[in-house]
Amino acid sequence: MESRARPSARNWVPLALLLSIVGCSRSSGEASPDGSVTLLNVSYDPTRELYEDLNAAFAKHWEATRSQQVSIRQSHGGSGKQARSVIEGLAADVVTLALAYDVDMLHQQAQLLPVDWQSRLPHHSAPYTSTIVFVVRKGNPKGIHDWDDLVREGVAVITPNPKTSGGARWNYLAAWGQALKGEGGSEARAQAYVEKLYRNVPVLDSGARGATTTFAERGLGDVLLAWENEAFLLTREVGQAELEVVVPPVSILAEPPVALVDRNVDRKGTRAVAEAYLRYLYSDEGQEIAARHHFRPRSDTVAAKYAADFPQVKRLTLAEVAGDWARAQATHFADGGVFDRIYAPQAN
Amino acid sequence: MSRPSQHRVLPGFRLSLGYTWFYLGLVVLIPLSSLFLRTFSLSWEVFWGTVTTSRALAAYRLSFGASLAAALANAVFGLLVAWVLVRYRFPGRDVLESLVDLPFALPTAVAGLTLTTLFSAKGWYGRHLEALGIQVAYTSVGVAVALTFIGLPFVVRTVQPVLEGIDADVEEAAATLGATPWQTFRRVLFPAIFPALLSGFTLAFARALGEYGSVVFISGNMPLRTEIVPLLIVTRLEQYDYAGATAIATVMLAASFSLLLAVNLLHRWSHRRLEARPGA
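As they're listed, the protein sequences go chains A and B.
Once you know that position 57 of the first sequence is 57 in our numbering, the rest is easy, because the numbers rise by one and skip nothing.
Once you know that position 11 of the second sequence is 11 in our numbering, the rest is easy, because the numbers rise by one and skip nothing.
It cannot be assumed that every hint is accurate.
To be verified - Stretches of chain B that chain A covers, calculated by requiring three or more beta carbons in the stretch to come under 8 Å of a beta carbon on chain A:
#, stretch
1, 113-123
2, 217-229
What the hints assert, rightly or not - Straight line, CA to CA, 27 Å or less: simulated DSSO-like cross-link-like pairs of lysine-lysine:
#, chain 1, residue 1, chain 2, residue 2
3, A, Lys314, A, Lys138
4, B, Lys122, A, Lys138
5, A, Lys60, B, Lys122
6, A, Lys181, A, Lys305
7, A, Lys268, A, Lys60
8, A, Lys181, A, Lys196
None of these hints come from the bench; they were simulated from the model.
Keep in mind that this is a model prediction, so the values were computed, not measured.
All residues carry an ideal CB built from backbone N, CA and C; glycine is no exception.
Start from the sequences, fold in the hints, and give me the full structure.
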């Protein structure tokens, strides 16, 4: 047997390799023979649980209305890293990222979608919103209620590096905005505020999930700046016995956008279903699922139904705080911007 | 060195050399030259400005310093581990032997998270070190600790086979000729294992320079204090500054290549010295 098996195996190896190559290149085309269709949703970290539910609900909805099977694959990671993967060729049908800047880059770096992508869907292409809240230790031992409490002597604040994390950019802009728009607010006051704030930051994690681990698992810091939905997820998972959420009176209106990746859906022939998928996020069912995962819904009826889950908070818009992402990026996060100057050696 | 005109006993020189060039070109040379080409999209001033910011300089210092410290620590303790594994037979030796390879197999992010948990103020080690006023997690010491962890197998695995090749008779002979244990080590054993030790050290050092996954968790990533070079590269990528990222990567690559070249030359020199010794 041995002697017979060997030569035939040797003949089969190259053939198998060849077939697998052909197989790979074929399977990237979408509509399979049984008429079912596969979408890839490239998203950021804290939406994992949200999209697991949304995908199942949409698949059921699509099968009921169009009698076609659709399966949606999800990919999660840091928002910027995910956008770069798509730029470099990951065949995403839709992207659902943490900030519009990352979607803008899909246009600017690779022309994967048109420049006006954000006006193609209602509400700046953000079907749900969020905000930045505080997570503190049980009993709030440092008495943290508002932004001014974060810059007190002896308070350690955990927030990731805004240069590497999309969520951290919202944290930073929330801090900047409340100082800018607060009583006697000015650019100078806002700058002084963020300088003091980041002096209280002992560790700059590279992503939001890393910062959460630093705060919850390592026990470092007195307060964590986090997405509202992450904050609730965290207190539920770690247990209300250890952490609690503090919602400041003022924060920012975070709008995580969704977008169709035109170049990919046209190549794969999935435009219709991908568009329907994004529209579904705005439907009452989609909005309810978002609300259940602590993303603030856009629909008034759904918002009213879940009003108890979302504490009152005055949310400043990106336009009020920094204009738009291009300007925010240039002023604050680019090399030599406001954020870099916080850490510049004293000589400057 | 090589004299191609000479008749060779082993066949296939041309074919295998051609293959070697092709393979190294495909796997190493072409990807790395594409890196250089991308850097050329920058003007010299921008390039120089990018790679000499105070943050970049601080990161080079930390990356090279911590990698060197980690590789040195591994050279000393890795040699010790290899010695124990080769020279002694004891219960649990097989377990110990497999433990050595674990840092290879473990995903580096897992290693980083585990080490950070251990060394943070709440952790098993951190609790006691904190009491002594020593902070490891989120300092440059923590970076060196992580790099030591991932580099350990390199030294052990390069030195081990060489030690196995030295018969215990050699040491006994030295002893009967009146050498003290220290003299035996310094004049008989050490010269024989030095090339392997140097290789292990170099591998550990090179590996540490490029390490990202485990370090970002334990370093705290504070600008000017605990940022490693790979993190700066990722930071630039995160801002879609591909050219800036490759500029820093190029500096890293050039520095690593010259270091590796220097070590290889040292390696050959020590080898020659060993061969030239009478009786060796």
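Original post:
Can you list which hints this structure breaks, lowest number first?
Top reply: Violated hints: 5 and 6; rest satisfied.
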